Each structure stands twice: as structure tokens, then as C-alpha cells.
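Peer 1: If you read the sequences in order, they're chains A and B.
When we follow the numbering used here, the leftmost residue of the first sequence carries the number 1, and every step to the right adds one.
When we follow the numbering used here, the leftmost residue of the second sequence carries the number 1, and every step to the right adds one.
Keep in mind that the hints were calculated from the coordinates and are not lab data.
Treat each hint with caution, since some may be false.
What the hints assert, rightly or not - Derived Cβ-Cβ restraints for the label pairs, each shown as a range: (1) A/Glu83 with B/Gly19: 39 to 47 Å; (2) A/Gly14 with B/Gln24: 50 to 58 Å; (3) B/Gly88 with A/Asp196: 23 to 31 Å; (4) A/Glu208 with B/Trp244: 48 to 56 Å; (5) A/Lys224 with B/Thr87: 40 to 48 Å; (6) B/Thr87 with A/Lys125: 15 to 23 Å; (7) B/Thr248 with A/Asn108: 18 to 26 Å; (8) B/Trp243 with A/Thr58: 21 to 29 Å; (9) B/Leu195 with A/Thr13: 43 to 51 Å; (10) B/Val241 with A/Thr58: 55 to 63 Å.
Bear in mind the structure is a predicted one, so any value in this text is a computation, not a measurement.
Glycine included, C-beta positions come from ideal geometry on N, C-alpha and C.
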Amino acid sequence: MISINNLSKTYATGFRALKNINLEIKRGEIFALLGPNGAGKTTLIGIVCGILKPSEGTVTVDGHDIIADYRAARSLIGLVPQELHTDAFESVWATVSFSRGLFNKPKNPAYVEKILRALSLWDKKDNRIMTLSGGMKRRVLIAKALSHEPQVLFLDEPTAGVDVELRKDMWQVVRDLRASGVTIILTTHYIEEAEDMADRVGVISKGEIILVEDKAELMHKLGKKQLILQLQKKLDVLPPALAAHNLTLAKDGTELVFTYDTQAERTGVTAMLSALSAADIRFRDLSTTQSSLEDIFVGLVSER
Amino acid sequence: MMNLRAAGAIYKFEMARTGRTIWQSVVSPVLSTSLYFVVFGAAIGSRITEIEGVNYGAFIVPGLIMLTLLTQSTMNASFGIYFPRFTGTIYEILSAPISGIEIAIGYVGAAATKSIILGLIILATSFLFVPLHIAHPFWMLAFLVLTSITFSLLGFIIGIWADGFEKLQIIPLLIITPLTFLGGTFYSTSVLPPLWQKITLFNPVVYLISGFRWSFFEISDVSHTVSIGMTLLFLAICLAVVWWIFKTGYKLKN
Numbered sequence: 001m002i003s004i005n006n007l008s009k010t011y012a013t014g015f016r017a018l019k020n021i022n023l024e025i026k027r028g029e030i031f032a033l034l035g036p037n038g039a040g041k042t043t044l045i046g047i048v049c050g051i052l053k054p055s056e057g058t059v060t061v062d063g064h065d066i067i068a069d070y071r072a073a074r075s076l077i078g079l080v081p082q083e084l085h086t087d088a089f090e091s092v093w094a095t096v097s098f099s100r101g102l103f104n105k106p107k108n109p110a111y112v113e114k115i116l117r118a119l120s121l122w123d124k125k126d127n128r129i130m131t132l133s134g135g136m137k138r139r140v141l142i143a144k145a146l147s148h149e150p151q152v153l154f155l156d157e158p159t160a161g162v163d164v165e166l167r168k169d170m171w172q173v174v175r176d177l178r179a180s181g182v183t184i185i186l187t188t189h190y191i192e193e194a195e196d197m198a199d200r201v202g203v204i205s206k207g208e209i210i211l212v213e214d215k216a217e218l219m220h221k222l223g224k225k226q227l228i229l230q231l232q233k234k235l236d237v238l239p240p241a242l243a244a245h246n247l248t249l250a251k252d253g254t255e256l257v258f259t260y261d262t263q264a265e266r267t268g269v270t271a272m273l274s275a276l277s278a279a280d281i282r283f284r285d286l287s288t289t290q291s292s293l294e295d296i297f298v299g300l301v302s303e304r
Numbered sequence: 001m002m003n004l005r006a007a008g009a010i011y012k013f014e015m016a017r018t019g020r021t022i023w024q025s026v027v028s029p030v031l032s033t034s035l036y037f038v039v040f041g042a043a044i045g046s047r048i049t050e051i052e053g054v055n056y057g058a059f060i061v062p063g064l065i066m067l068t069l070l071t072q073s074t075m076n077a078s079f080g081i082y083f084p085r086f087t088g089t090i091y092e093i094l095s096a097p098i099s100g101i102e103i104a105i106g107y108v109g110a111a112a113t114k115s116i117i118l119g120l121i122i123l124a125t126s127f128l129f130v131p132l133h134i135a136h137p138f139w140m141l142a143f144l145v146l147t148s149i150t151f152s153l154l155g156f157i158i159g160i161w162a163d164g165f166e167k168l169q170i171i172p173l174l175i176i177t178p179l180t181f182l183g184g185t186f187y188s189t190s191v192l193p194p195l196w197q198k199i200t201l202f203n204p205v206v207y208l209i210s211g212f213r214w215s216f217f218e219i220s221d222v223s224h225t226v227s228i229g230m231t232l233l234f235l236a237i238c239l240a241v242v243w244w245i246f247k248t249g250y251k252l253k254n
């Protein structure tokens, strides 16, 4: 759906925000673009949406070049920006209708009503935007982005500063959109949301895409599982007999942590437990943890 | 194919803004101009003899209308495009399938419409104060429309150039208003000493006021043909600058 080839962006200050980005977004998927602050996420979205000019490279949306064929390309895109940019004095209805007109769509009050109802904004349709809460303003931005029935939706930090209830509502709207065939690209700092929502994940750091992977594959490849044993007696050092097992002492010697790959043919759990028994090390409780997308993300970014 | 719906959406948005601020946008300039009529037309004007056979109160009508047209067109158009840049809502215009021409039609069209309406209201008001006759109604309207469009384009350029509210005000307040006052709003440049008459010709507003006054009374400081030519020249210059802005993305797109 979106094809980004050798895209670079250097600002007038000389700062190189994007370095030779190559990325393919598949039709109908939810793609999560993750990266620390200043990594280039918003610059990348800005270029695809036409707000910023690329320095090098090409971008096409459903085969339409974003510069040579900008009308066709932009008609397909809806953008929910990170900042709450709204026309304070306009009513909700007027601003959403304005957005629809900007994107060359004829008036369709029934459709606008449908969006406002889906986003729980119908009761506020005649309210001035300045009277709305931050969360409601965020909904208005989503309504504006959806007003022209886009095929691609960019959500740049859509849940920043939004309460739990609204987040749930918004993700339900996103799921419904995906079900209707809309391609969704989202950036978020709440990585658990990306883990929950995304089909694929891209990680950008210092202007470079460092990883693009199917989320399940990524979790499989990079995800680790840990078995934590709470010991009955504190250990000062790990006995040499246990050195062959992937064990580490934690919490001042009161816990043993065993790290293993759940997908491996032999996880080594049985052998490790036998070795513990042979060494007369007893434990009073145990628990397991699995690394989250956030752990994977932090690991990837900190490696660079 | 042009996206006229987008131009229409911007136009309606801007006109709605005017409607919301009717006291500031319409009532205030009309009241200010009426005060000029009272002070210069009735109070002081009664002690001034006719200028080239025209009652002084009537003589200043074209200049006063032009003063309103120039300042209001510039300020309204500059604010129209600067405000979304200031609040950040410009992102939506930039990401929409809309060309520079359509953006300009929306903002400049609305600012010019407002100025034309204001000009006509002031003209209608002036009939209450002074005896007035319009010799060339077509040319009067042509000057009214062309000047409104030209200075709305100038305002649009200022709104894109400005990076603060002070810059937004500098040109209308420190350049356009003085040039209008010195451009023959309240007097015929023929009363000036010869040297100042020549210097005045470097003031572009002289041509606008002179041409506009000719359409009322068939009297002018410079030939009305030159006035029409100069008005079209200013229009062409402003159009060229706006075209360049959208070609390069100046101050709109990094």
C-alpha cells in the first residue's frame, strides 16, 4: 500500500533526520512504528502525508507518487497528528465537515454523523472545540482524519495523554477500521499497545529503520522466558555444579533466574531442576516471565 | 482537476470567522470611517473650499474607502493564513489534496470578499453624509475588486512571511497606513510643492486612490489609464510572489 524507497531527509540546519529509509506497508495491516523521541517517526509520517519535503528518495501510496501525483496519494491518507492542533472557535460538526471538503468529498451528513457517534462525539457536535477536554479534542482529530473515508490512516501517538476508557474506545475504532480494510500506521510510546494491536513492527532509531518484522515472529525470535526460583536459603555464589546451566543469582542471592528459549527442542528446565536437587538447593516458590515487546524494543535501541 | 471543494471549504471557514467577529471585522471599520466623515467632511470640511469642483466631504470618500480596503484586505488575509500556522492546524491544509492556487483562492477570496463588502457598506454610508455621484460605476467596481484582491494577496504573503504577531502588524501599520495617508486620501497631490509631487509618484497608493477617485468624479492626480496599469502591475507582482511561495514551499514546508 505504501512503498518508501531510499528516503532521506536533511533539514536546513544540516540535521539528517532520516537516512535512506526503505519500507513497505502492506494493504490492510496495522503497522507499529516504534522509536525513541527524535528517532524520525514524525518526520517520516510528515513526508508521506505531504507536510514535509523529502530530500532524497520516493514514496508511493497505492502506486501514486506523493509528489508527482500528490492529489491521488493524499486523497487516500488520513492523519491524526501528535499535537492537539485544533480550531478552538469552531464547532465539532463544522471542523469535521471542513476536513471533508478539504479532501474534495461532497457533503455527507449521514457519514459525518456515523463517525461522530462511533467516537462518542455526537452529543458534542455543536460544542466549540475550545470547550472540550484533551481526550475529546483527540477524538475530534480522529474524526477529522476519518472524515474523507481514507484508505490509509496515520496515528501519530494517538493515545498520548488519553485516559484508559478513551484508549479502549479508540482501539476499538482502529480495529473496526482495519476490519473494513483500512491500512493503519501508528506510532506510540505505549509499547504494550503496539504489542496488542500491531500485525508488524518497525523500529526506527537515529533516522534509520533497524528492524521490520512480523510481531509474532519478532516475539518468537527475540522473546525470552525466565523461570525465577525463590530460594529457601540465601546463596553467596552460584555452586560450580550449576555453572553449565543458564542460571544467575538475583536479589542478593535469594533468587535464581533461569533463562531459556520456549521454542527450543530442549528447554533445559528438567536438567536444571535435577542439578538443583543434586546440589541440595531448595526453593519455596517459582514464577515465570516472558519478555514483552517493550523489553525487545529497549534492547534493540540500547544496542545502537 | 482542480479541488474547488477545498477552496470553497477554506473560503466558507474564513467567512464564518468574519461572521463570528462581526463587531471587529465590519462594525469597527465602518464606524471609524464614519468618524472621518464627521470630522473631516462635516466639521473641518465645511471650512475647506471645493477641490477641483468637488465638495471636500465627497472628495475624501474614495480615499477613505481605499484606506479601509488596503488595511482590511492586508490584515484579514495575513491573519487568515498566519493563524493556522501559529496554532498548527496548517498541517491539515498541507496534507490535503489541494494545490497552492486553491489555497490562495480560499484565503484571498474570503479576505477580498470581506473588503469589497466593507467598501460597499462605507460607500452606502457616505451617501448619508455627503452629496455623491459615481461617474463610472463599472470602473469604480473594477478598482474596488482589483485593489481588494491585490492587497489580500499582499496580506497572504505577509501572513506566510511573518513568524510572530508583531511582524504581522508591521507592514499594515508602518507602511500601508502611512502610504495611504500620504497618497492623497485627504488631498489632491497637485496642492503639494513640485518636488513632493514627483516624490509622491513613488508611492504606489497614489495610483490606486487617483484611479478610484477618477471613477467617481473624473478628476485624478495621474492618468486613470496609468492607474489601471499600475493596479494590474501590483496584482501581477503579488500573484508572482504567491506562485513562488507555493513552488518553493517558503515558510510552509521544510
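Peer 1: Take the hints in turn and mark each one as holding or not.
Peer 2: Structure-based check of all given hints:
In this structure the hint that glutamate 83 of chain A and glycine 19 of chain B lie 39 to 47 Å apart at CB is violated, the actual value being about 28 Å. For the hinted restraint 50 to 58 Å between glycine 14 of chain A and glutamine 24 of chain B, the CB-CB distance of approximately 43 Å leaves it violated. Range check, glycine 88 of chain B to aspartate 196 of chain A: Cβ separation about 29 Å, and the 23 to 31 Å hint holds. Separated by about 35 Å at the C-beta atoms, glutamate 208 of chain A and tryptophan 244 of chain B break the suggested range of 48 to 56 Å.
The given range of 40 to 48 Å is respected by lysine 224 of chain A and threonine 87 of chain B, whose C-beta atoms sit roughly 46 Å from each other. Between threonine 87 of chain B and lysine 125 of chain A the beta carbons are some 21 Å apart, a value that agrees with the proposed interval 15 to 23 Å. The beta-carbon spacing between threonine 248 of chain B and asparagine 108 of chain A, approximately 36 Å, falls outside the hinted interval of 18 to 26 Å. Between tryptophan 243 of chain B and threonine 58 of chain A the C-beta distance comes to about 25 Å, which sits within the given range of 21 to 29 Å.
Distance hint check for leucine 195 of chain B and threonine 13 of chain A: the Cβ-Cβ separation is about 49 Å, which falls inside the suggested range of 43 to 51 Å. Evaluation of the 55 to 63 Å hint for valine 241 of chain B and threonine 58 of chain A yields a failure: the beta carbon distance comes to about 30 Å.
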